[in-house]
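A.B. asks: Take numbering that gives the first Met the number 0: the last position of the sequence shown gets the number 53, and nothing is skipped along the way.
None of these hints come from the bench; they were simulated from the model. Where hints are given, some of them may not hold.
[To be verified] Using C-beta positions, here's what the derived DEER-type ranges look like:
1) Ser-51 <-> Gly-21: 40 to 46 Å
2) Gly-21 <-> Ala-49: 17 to 23 Å
3) Ala-16 <-> Ala-37: 16 to 22 Å
4) Ser-51 <-> Pro-18: 38 to 44 Å
5) Val-17 <-> Ala-38: 17 to 23 Å
For every residue, glycine included, the Cβ atom is placed at its ideal position computed from N, Cα and C.
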Amino acid sequence: MSTPCIATRPVAPVLPAVPSHGIFEQVQALLAREQLRAAHVRQLEALLDACSGS
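Make a model of the complete structure from these sequences and hints.
C.D. replies: Below, the structure is given as structure tokens:
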């Protein structure tokens with residue numbers, strides 16, 4: 000029995016802005032952006048796996 004596919008794609012997260020100054024703040028913002036993006040990719044992959052019956 001396969002899991003039903005979800006017809007709507009999850010909305011991409013709103014990424015935090017990267018400040019124009021302050022290297023520490025810029026690095027923190029970039030890391031936060033990457034973590035949000037990676038979590039979104041994992042969510043999409045999980046949905047695709049569920050649809051393919053994996």
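A.B. asks: The structure should be examined with respect to each hint, and the outcome stated for every one.
C.D. replies: Here's how the hints hold up against the structure:
1. Ser-51 <-> Gly-21: 40 to 46 Å: Distance hint for Ser-51, Gly-21 holds at roughly 44 Å.
2. Gly-21 <-> Ala-49: 17 to 23 Å: For Ala-49 against Gly-21, whose Cβ atoms are near 41 Å apart, the range 17 to 23 Å is violated.
3. Ala-16 <-> Ala-37: 16 to 22 Å: holds (19 Å)
4. Ser-51 <-> Pro-18: 38 to 44 Å: holds (41 Å)
5. Val-17 <-> Ala-38: 17 to 23 Å: holds (18 Å)
Checked against the numbered hints above, the structure violates only hint 2.
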